[in-house]
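Novice: Below, each chain spelled out in residue letters.
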Amino acid sequence: MLEIKDLHAGIEGNEIIKGISLTIKKGEIHAVMGPNGSGKSTMAKILSGHPSYEAMSGEILFDGKNLLEMDAEERSLAGIFMGFQYPVEVPGVNNAEFLRMAHNARRVKAGEEEIDPLDFDDLLSEKMKMLGMEKKYKERNLNDGFSGGEKKKNEILQMAILEPKLSILDETDSGLDIDALRVVSEGVNKLRNENNALVLITHYQRLLDYIKPDYVHVLSDGKIVKSGDKTLALELESQGYDWVTTAN
Amino acid sequence: MSDTLVESSAVSAFLDLHKKLIEQVSPALTELQQVALNRFELLGFPHSKHEMYTYLNTKGLVETAFGLSDGSKKVSEDFVASHIYPDCESQCLVFVDGVLNRDLSRLEGVNTYLVPLSEAVSDQELKKYLSETAENENDVFAALNTAFCGEGLVFKVGDNTQISGPVQVLFVSTGGSPVMHVPRLVWQLGNLSEVKVIEKFVGVEGGYFINAVQDWLLAEGAGVSFTQVQADASDSWHFSKTRVHLHRNSRFHSTNASFGTQLARHHYDVRLKEEGSELRLNGVSVLDDKEQVHNFIRIHHEAPQCVSHQHFKNIINGQARSSFDGTVIVNQGAQLTNSNQLINNLMLSNDCHADNKPNLMIFADDVKCTHGATIGQIDEEQWFYLQTRGLSARVAKELLTRSFAKSIIETIEFPEVVKELNGTLLKKLEVRNV
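If you read the protein sequences in the order shown, they are chains A and B.
For what it's worth, the working numbering labels the leading residue of the first sequence as -14, then goes sequentially.
For what it's worth, the working numbering labels the leading residue of the second sequence as 1369, then goes sequentially.
Just chain B, same shape as in the assembly (with noise of 0.2 angstroms):
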């Protein structure tokens, strides 16, 4: 079957899916679920010549026949506990396959701030948010996600409220069998609120494809810190799309740490809309075996006086593939803008692979801007250095494998993330090293 063909039914099997789906949507949600069809329809699923998807072999995606869940499949108690961090035990969100499970959430910290989706679409503004980024939409798969995620969750926070502690998301995946799982969030922050939020994906077995939308909206003033671990199963298809609009003043600073899937992309696209809003963008992503991650990011800065930091890392092994499609835009007016992009690959095979794409356009004439890419191999000076102490080969390598990702996981400001991190991310590197 030609390419087009595979696309083309993969579509129509959506389509399908959807006339089962619709009729259990919330009313309120119908329209917009129809309009995300109708661009999902319009876009169509990707072919590797697609601009936005060159780095990625979305064919196994494209022909496998996804399912929706149904509910049915359950996740023991123990199974959960063991992904929720220390400090997050009374204010810990879990969805299993797509859903907020209330069960095995632990919610009393949080609570108050939970509003579902149907309901909170009677504020017109958000209505009128949601709408108009679904008709605009261009990311096919986040179409997807809108179209059918049945239910969504907004997370919202009033003005001057500053949540105490981190709120853990811990999205789990029962996989098993080739079913999309939709989470849908909002985070919707008033003035001068502030949430520091720990999101972990895992999966108990693989097959799964995990495709999560989230919009961080952020008033003027309020700060989030956003740690993202995503530790899926290695077969299993994992997509996210990050919108982040960011008002006067605002903050967001984001660390995503990556262990790879067969397939893995995360799209952020981050709105700098008034002065003064701050962006921290950091990655690090640990992959081996046929393992991939893909980063595509696109900031706009559309105001003056707006800062944008990012910094990602990518220790590649095996016949792992890196790639990274970055761009900022700075807008006529966004003046005195400060942004940088850094990306540095660590290649550890002869056949890993590194694609990078970063990418700067200016319109305003008063700016500064830098942005760059480095692939490099396990320094000979310093590991011959380390040897010389009586450090043996592989000791000397594995430190410098793990001092090359560490100024990224210590951009994270939880010490058992962190620890976790440390003790797993980088661990799976130790078996193969030298």
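Next comes chain A alone, as it looks inside the complex (with noise of 0.2 angstroms):
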């Protein structure tokens, strides 16, 4: 599904992502773990096209498209789904039309008609009770006032809503009490399937608790410095990053 071959990417070229190679095939899970300025950020950005970051050698395939070459939308209806560390705050912008219009564009892609206002409403209520997100949200403009937790939420609430091939979730555990790390990861379970994929860029290895991780992967000074499986995490958790990244 997704190809990562010897990636070397930053922002106003300073190189941080210093050659990466991973390959993510459909029904998957990857966790990237790292130290704080390791690359994880950098390389969420890099994936979701923001124009901000280059890549500048190497090439990610997406369904063997060259994904460098797509702009953040059309990644976006090609079936790539970013979940944001830190969720945009858009004033103005109503939620369940954003989220309507958004699943239209899906829709319309796909050679499918638009879906009206009302059954929308039924989608979108059903998918805001798995979540336990309360009604509210709906007339709510686009993450305006919201705390953290429901700022991520509701970028859950937008995965389930556009049902993406591939989603990377940046940080999403981040600022998340137990509770409502509880909740979302209960809804990202519900998400999955056989021909969705999954990459978890995360600090913590709590999360990993509750979504189990097919692969970890460990990222150091823009490099992966080690793989394995989800008892890595574990490894991790109890000696620290210095673990592997001095190993190195």
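Hint data in this document are derived by calculation from the structure and do not stem from the laboratory.
One thing to keep in mind: the hints can contain errors.
What the hints assert, rightly or not - Straight-line distance between alpha carbons at most 30 angstroms, and here's what the computed BS3-like set of lysine-lysine pairs gives:
hint : chain 1 : residue 1 : chain 2 : residue 2
1    : B       : Lys1774   : A       : Lys121
2    : A       : Lys112    : B       : Lys1774
3    : A       : Lys94     : A       : Lys50
To be verified - Not everything, but these chain B residues come out facing chain A in the computed CB check (under 8 angstroms):
hint : residue
4    : Tyr1497
5    : Ala1761
6    : Leu1767
7    : Ser1771
8    : Lys1774
9    : Ser1775
Computed from a predicted structure; not experimentally measured.
All C-beta atoms, glycine included, are put in the ideal place defined by N, C-alpha and C.
Please assemble the complex out of the two chains, which come individually in their own frames, going by the hints.
Specialist: This is the structure:
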């Protein structure tokens, strides 16, 4: 599904990602862990198509297509979802209306008819119930004045509405209390199936108690320094990042 | 020709024009109009260094030799009907070229409130107010209106009268030639009376100069909801002055939506004269090409415990220009005043222009006053975020532009007006976006 080949990338000419290769197949969950400044967020930005970040060399293929040539909109329509570490507040844009627009953009791309507001409301209510979100979040403006936890839930709600092939969740667990983390994780687990894939970018092992990864990769100074199965996360938890970073 | 000569020749052209007019004016108003004419002559046409007109280029206006309408131009009923809002069908005043046209108006619901200005001035208090206002007028265009209005209209609502449903006032300018229209309205609201008014300015053809003046005199406890839609022809000139006098516990809530013209200027002069009065003044303008909107605002807090809120938003594209000059004056003794003023500008092109001059003058020591202005572009992070959800760059930008205007448009309490503005005011930018 996603193939990253010897990717070098950064911002304003500073190389932050220094040669990453990673293959993600459908049905898989990959966790990318690493200390602060290791390049986790840069990797997320590059995958989402943020205009400030540039790939210097290497390539990224999504379903065989060159991802780096696609803009953010095309990536989304192709089935990539980015869960933001810091979801952006957009005052004045109604949450439900925005979600319907995004959902319809996806439908139109797939050659389907747009869904009308009433049918969409049913779909939205169902997904919100799954995430334990109160109805008032339909009426409110997109992330505007939401608490940290509600913003993250709203990201997962968008993921549920857009049904992406590949979701990249950037530090979705940060800022969540344990109850919210449980709800968000359950939501993510319900959205999993054998045809989609998930990349969890996280600093803490805690999230992986709830969403079990198939692979864990440790990022340090822009490179993957160690890969393994979920036991690697537990080792990191007990021994700290120094264990892998100094071992290299 | 130098600017000064142009201005003085324009002034003398208006003075000549006035000689022809004054013979037709009701004797009850001649004195008032003469006072206004003298004031006009004294103030003279503004030059760009005049403090009140710093941001305006009035040269084209001053250089045009305007005539007055002879009332011969007709407007089709269909044109008028297309601009009357549902719910206003039985309460609509239609002014054609500045004069009330009773045939086109729908007066069933409001006839009892209408009094010609020439009759209304038999009320000595109103006469005194008008004379004093004319004598002290500081806005040359408002003086010009009073000098030339010929006849005006008073909308008088008695004590304890609440008019149900909105009253619409439609100002139609036929245009096509350089003619000045000078509609003059005085709204007199008795104790505890209430009225909701929607005003709309439209033009059949352009090239005209509409110079409107309104006075809102609110007695104790009166309440007004005032919505103005300025949708004149883009090659016209639109000047309006709105004076508001608020007495004890009265409320004036106003929202102006402007499409802009080659030069549109809204002048508000509000006096919160007695305790507990409240003002809300909102505005939104959407400008493109070489359009311009200027808001000139003076709010006088003259009594304690009064509230004034101002929020203006401008969306500016092309080579358009928005300017704002607003001052809140809190008099000595106007303790516990609560006043705020905010101007937000959204710039969509490299050649557009925004000037802001928010100002506060406080002479009392126990007040809460804020003011501020922002000038910005589309937020890149918001724009990117929306695109990562599959919205195209164009749609995402439109959504953000609309959301910017939304908070003002939503303060309009008439769904039909909101719908219209969403469909027309904001639509004018879509063609150009991205």
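Novice: For each hint, tell me whether it holds in the structure or not.
Specialist: Each hint tested on the structure:
A hinted pair counts as satisfied when its Cα atoms are at most 30 angstroms apart, and Lys1774 of chain B with Lys121 of chain A qualifies at roughly 19 angstroms. Between Lys112 of chain A and Lys1774 of chain B, the direct Cα distance comes to roughly 27 angstroms. Compliance with the 30 angstroms bound is thereby established for this hinted pair. Taking the CA atoms of Lys94 of chain A and Lys50 of chain A, the gap is near 17 angstroms; set against the 30 angstroms cutoff, the hint holds. For Tyr1497 of chain B, the interface hint is violated, since its Cβ never comes within 8 angstroms of a Cβ in chain A; the closest pair sits about 41 angstroms apart.
Against a cut-off of 8 angstroms between C-beta atoms, the interface hint on Ala1761 of chain B holds, since the closest Cβ of chain A lies about 7 angstroms away. Satisfaction of the interface hint for Leu1767 of chain B is found here, the shortest Cβ-Cβ separation to chain A being roughly 6 angstroms, below the 8 angstroms cut-off. For Ser1771 of chain B, the interface hint holds, the least distance from its beta-carbon to any beta-carbon of chain A being 3 angstroms, beneath 8 angstroms. Residue-level restraint check for Lys1774 of chain B holds (minimum Cβ-Cβ distance to chain A is 5 angstroms; threshold 8 angstroms).
Checking Ser1775 of chain B against chain A: minimum C-beta separation of about 6 angstroms stays under 8 angstroms; hint holds.
When each numbered hint is compared with the structure, a violation occurs for hint 4 only.
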